[in-house]
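S.K.: Use the sequences and the hints to build the structure in full.
Residue-level listing of the chains:
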Amino acid sequence: MRVQITEYLDIDLDEEVWLCNRCNHRLGSARENYKYGCLVHERSPEEIYERLANTDLNFAPDPRWCRLLEYYCPSCGLMIECEVLPPGHPITHDIDIDIDRLKSKLARERGTA
Amino acid sequence: MPADLELVWKGRFKPEPPTEEEELAIAKIDPIDYAVYSRRLEMACREAREILKRLGISTFIKAGDTAQGYYCKNGDMSIAEVGTYLHVVTGIIPIKFVLKHYVNEPTVGLKDGDIFFCNEAIYGGIHNPDMITFMPVYSDGELIAWVAAASHEPETGATEPGGMPNMAKTRYDEGLKVPPIKIGENFKVRKDLIELIENNVRYPLMLTNDQMARVSTCLRLRKRILEIAEEKGNDFVKGLLRKIIVETGRVVSERIKKIPDGRYRHVAFLDTIGFAEGLIRLPVELIKEGERVVFDLSRASPQVPGPYNAFEHAVEAHLASNIFQYLLSDLPASSGCLLPFEFRTTPGSCLNPDPDAAISNTTYLCPVVINAIQIVLIKALFSNPEFRKDESIVLPLNGGLRSFTISGRNQWGRPVTNFLVVISNSRGGGARLDKDGVDSAGFWFCGYAEAADCENDESVLPLMTVWRSFAPDGGGPGKFRGGTGVSFGYLVHNTNSLLLTCIGNGNRFPITHGVFGGYPASTRPVVILRNAKEKLMKRGVWPRNDKELVKALIDEVGKDLIIVPNAHPTITLREGDLVAQCSGGSGGYGDVLERDPQSVMADLKAGKISHWAARNVYRVVYDEESLKIDWEATEIERRNERRRRLERGRPFRTFLREWEKKSPPQSALTFYGDWPVPFSSNR
Numbered sequence: 001m002r003v004q005i006t007e008y009l010d011i012d013l014d015e016e017v018w019l020c021n022r023c024n025h026r027l028g029s030a031r032e033n034y035k036y037g038c039l040v041h042e043r044s045p046e047e048i049y050e051r052l053a054n055t056d057l058n059f060a061p062d063p064r065w066c067r068l069l070e071y072y073c074p075s076c077g078l079m080i081e082c083e084v085l086p087p088g089h090p091i092t093h094d095i096d097i098d099i100d101r102l103k104s105k106l107a108r109e110r111g112t113a
Numbered sequence: 001m002p003a004d005l006e007l008v009w010k011g012r013f014k015p016e017p018p019t020e021e022e023e024l025a026i027a028k029i030d031p032i033d034y035a036v037y038s039r040r041l042e043m044a045c046r047e048a049r050e051i052l053k054r055l056g057i058s059t060f061i062k063a064g065d066t067a068q069g070y071y072c073k074n075g076d077m078s079i080a081e082v083g084t085y086l087h088v089v090t091g092i093i094p095i096k097f098v099l100k101h102y103v104n105e106p107t108v109g110l111k112d113g114d115i116f117f118c119n120e121a122i123y124g125g126i127h128n129p130d131m132i133t134f135m136p137v138y139s140d141g142e143l144i145a146w147v148a149a150a151s152h153e154p155e156t157g158a159t160e161p162g163g164m165p166n167m168a169k170t171r172y173d174e175g176l177k178v179p180p181i182k183i184g185e186n187f188k189v190r191k192d193l194i195e196l197i198e199n200n201v202r203y204p205l206m207l208t209n210d211q212m213a214r215v216s217t218c219l220r221l222r223k224r225i226l227e228i229a230e231e232k233g234n235d236f237v238k239g240l241l242r243k244i245i246v247e248t249g250r251v252v253s254e255r256i257k258k259i260p261d262g263r264y265r266h267v268a269f270l271d272t273i274g275f276a277e278g279l280i281r282l283p284v285e286l287i288k289e290g291e292r293v294v295f296d297l298s299r300a301s302p303q304v305p306g307p308y309n310a311f312e313h314a315v316e317a318h319l320a321s322n323i324f325q326y327l328l329s330d331l332p333a334s335s336g337c338l339l340p341f342e343f344r345t346t347p348g349s350c351l352n353p354d355p356d357a358a359i360s361n362t363t364y365l366c367p368v369v370i371n372a373i374q375i376v377l378i379k380a381l382f383s384n385p386e387f388r389k390d391e392s393i394v395l396p397l398n399g400g401l402r403s404f405t406i407s408g409r410n411q412w413g414r415p416v417t418n419f420l421v422v423i424s425n426s427r428g429g430g431a432r433l434d435k436d437g438v439d440s441a442g443f444w445f446c447g448y449a450e451a452a453d454c455e456n457d458e459s460v461l462p463l464m465t466v467w468r469s470f471a472p473d474g475g476g477p478g479k480f481r482g483g484t485g486v487s488f489g490y491l492v493h494n495t496n497s498l499l500l501t502c503i504g505n506g507n508r509f510p511i512t513h514g515v516f517g518g519y520p521a522s523t524r525p526v527v528i529l530r531n532a533k534e535k536l537m538k539r540g541v542w543p544r545n546d547k548e549l550v551k552a553l554i555d556e557v558g559k560d561l562i563i564v565p566n567a568h569p570t571i572t573l574r575e576g577d578l579v580a581q582c583s584g585g586s587g588g589y590g591d592v593l594e595r596d597p598q599s600v601m602a603d604l605k606a607g608k609i610s611h612w613a614a615r616n617v618y619r620v621v622y623d624e625e626s627l628k629i630d631w632e633a634t635e636i637e638r639r640n641e642r643r644r645r646l647e648r649g650r651p652f653r654t655f656l657r658e659w660e661k662k663s664p665p666q667s668a669l670t671f672y673g674d675w676p677v678p679f680s681s682n683r
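Residue numbers (this note's numbering), protein chains in the order written: chain L, 1 to 113; chain H, 1 to 683.
Any given hint might turn out to be false.
[Stated by the list, open to error] Below, in silico cross-link-like pairs of lysine to aspartate or glutamate (EDC-like), each with a Cα-Cα straight-line distance of 16 Å or less:
(1) H:K188 - H:D173
(2) H:K661 - L:E42
(3) H:K559 - L:D56
(4) H:K551 - L:E50
[Unchecked claim] Facing chain H, from chain L, some residues (calculated, C-beta under 7 Å):
(5) T6
(6) L13
(7) Y36
(8) I48
(9) Y49
(10) R64
(11) G77
(12) P86
(13) P87
(14) P90
(15) D98
[To be verified] Sample of chain L residues lacking proximity to chain H, with all beta carbon distances greater than 10 Å (derived):
(16) M1
(17) D12
(18) D14
(19) E15
(20) E16
(21) V17
(22) R26
(23) S29
(24) S44
(25) N54
(26) A107
(27) R110
(28) G111
These are calculated hints, taken from the structure and not from any lab test.
As the structure is a computational prediction, the values presented were derived from the model and not from experiment.
The beta carbon of each residue, even a glycine, is placed where N, CA and C say it ideally should be.
M.R.: Below you can see the structure in the form of structure tokens.
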């Protein structure tokens, strides 16, 4: 059974794996952080927000305070998630679904348990 | 008697179970009467909102940033109407305080016609600019309900004008703080107590006028509920008020059960404490189990020595403000909505500070936390198709409050202190599952607030609006773009000097983030141009937004063109100076490379994004003159960008080895607490 969890991620509950829902690439165990199976690129915010003047404070986030972490599907290059963190801050395990309870809930709803 | 911290800290906003008397009354209400009369209460709240808006004079009230509602006889909130949900939630504790401490107090007591007032956070409010007026409702000598009206007043006699001083270090710098007191009897407000309040603030006329406006609002609420009591009896009214709470509680529990059990997390960061810059960590872990949701905020940064602290009940009030507008927007705003939610905070943190802490910028801190809560809710809700169908997947409206407080003599020679609400009320809405966020959507706290017309500000303040336009690149890029805010430019006009206090955040670190690959909304500073009138006329340029101003006068940067943070101590402006600030945008949804190139061109035409972003972020190939898209070249460019991602991306564990060695500069961590996770040794 396959369940869509985010815009770009599914979980195959039978195999308990994360999948890219654009190309079906397997990203790793659904009981772990899907980010482990992604490619990661650390980006300066000035690549996304235009810096206007040569001043300390600007129209883009300060690259010394803030980094953009882009998580890509290693197969199709889709950007699955973008995280904004100070440099070196622990990565967020953002979606940590109780897989056993999700399986039981869906089985109950489908009348198979 | 000091504040009843137990009542504030522990009792909070959750309703008490129905009494036996209320249960009997509920059982007698038939479903049609329930539908008809609960709707009548809602309509009465709307009528009261119009009364307050028309009678009040603060820019907040004029913009609709008010609240008015009905409470059960024990103080539980039954039904309220926007303006601002936040204020109505915080009526609960002051009412309960009066019931607990003053009913049997011979020097105070409680009777028909009493009028109470409160603006004190440690007695259940949010911060002292939020002022609430409330009255008991008696019918045939029996207390059957309470009514309340609240508004934000942009002046409290604090160390800086406007009530939200950047420089405050303790509660004693924040001005007037009134615990629940009886300010009137027999339906009349006491002159001596009005005098006491007036004597403590810079703009007494506004505070007294708005106090009377709130009293009038309460009187209309009272009149309408007494009409129902006359028709249906006291027991019906008491049962009706309680049934609204019980029914909403039941629906909320059913809705919460549909969220998959698990843990969902997000981390937000503030970049100021008011008088100094610094990173403040604001993490959220949503723990969902059955019908219960716990928000664990226990690893937030320590209490800061500025006004960016929030008592735990204020965080909960902000959650209420959020869920009433999003997850539970179809239900009455009632205490019953709050039943499933619990909070965990760490004493000594900025979300659970000492009672003496400065908290006047609580409303600049909590929306950042609640923006993070909205993101974890999206991640928790998404997997259930029901939530995807009912428009629950919507990113938060920008939580980075920004504005100016203006103080001095206006063009009529009168003393004035007021707040440019229009800046905070024109923020971008969050991108959604299937569409962009609304541009210039409104006010985070207050879905119905308005961005008042230029003439509204110009009639009372010595300012001329030079521009009001969408802030280009203000919304977070994504498949669906976050709504952008508005860029405002004001020229100081017809006054010798004016004090400007900049309040806000989002200078170095983005406040409102994206989801599923969408980028956060950009940061944006304040721009001041000295002698702008002369300089712009000489050059013959009249910019349409802050970016155009900086580009046109790039040679003046660091001289007469100054870029300062959104939170800044008071600055003196002179005739002819120009000041520009932007309301914040919201986060984007999804991968930018999936955005329809035609939407990118439409944004360019409307001035919502720059050519720079169209080329470098959205990767669209087009002709800058005609905006004609080269579809084939765009497809190739986007395919190449995906290939470049695969080349530059590194496997997670390889990346982590390098990442973990990094940290922000020490100067950014002054108020952060233990790096990287404050209070982590508590576990």
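S.K.: Does the closest beta carbon of chain H sit nearer than 7 Å to the beta carbon of T6 of chain L?
M.R.: 5 Å, holds
S.K.: Any Cβ of chain H at or closer than 10 Å to S44 of chain L, or is the non-interface label fine?
M.R.: 12 Å, holds
S.K.: Any Cβ of chain H at or closer than 10 Å to D12 of chain L, or is the non-interface label fine?
M.R.: Its Cβ never comes within 10 Å of chain H, the nearest being 13 Å, so this holds.
S.K.: For E15 of chain L, is the shortest CB-to-CB distance to chain H above 10 Å, so the non-interface label stands?
M.R.: 17 Å, holds
S.K.: Checking a non-interface call: every C-beta of chain H should be farther than 10 Å from the C-beta of S29 of chain L. Is that right?
M.R.: 13 Å, holds
S.K.: Hold the hint about L13 of chain L up to the distance rule: shortest CB distance to chain H must be less than 7 Å.
M.R.: 11 Å, violated
S.K.: Verify that the Cβ of R26 of chain L lies farther than 10 Å from every Cβ atom of chain H, and report whether the claim holds or is violated.
M.R.: 14 Å, holds
S.K.: Are K661 of chain H and E42 of chain L close enough, with their CA atoms no more than 16 Å apart?
M.R.: 13 Å, holds
S.K.: Confirm or reject: E16 of chain L is not an interface residue toward chain H, with every Cβ-Cβ distance exceeding 10 Å.
M.R.: Non-interface label on E16 of chain L holds, nearest chain H Cβ at 14 Å vs cutoff 10 Å.
S.K.: Can we confirm that no CB of chain H comes within 10 Å of the CB of R110 of chain L?
M.R.: 14 Å, holds
S.K.: With chain H as the partner, please determine if P90 of chain L meets the hint condition of a C-beta pair closer than 7 Å.
M.R.: With a minimum Cβ separation of about 6 Å from chain H (threshold 7 Å), the hint on P90 of chain L holds.
S.K.: If we take the beta carbon of N54 of chain L, is the closest beta carbon in chain H still more than 10 Å away?
M.R.: Not fine: 8 Å to the nearest Cβ puts N54 of chain L too close to chain H.
Checked against the numbered hints given earlier, the structure breaks hints 1, 6 and 25 and satisfies all the rest.
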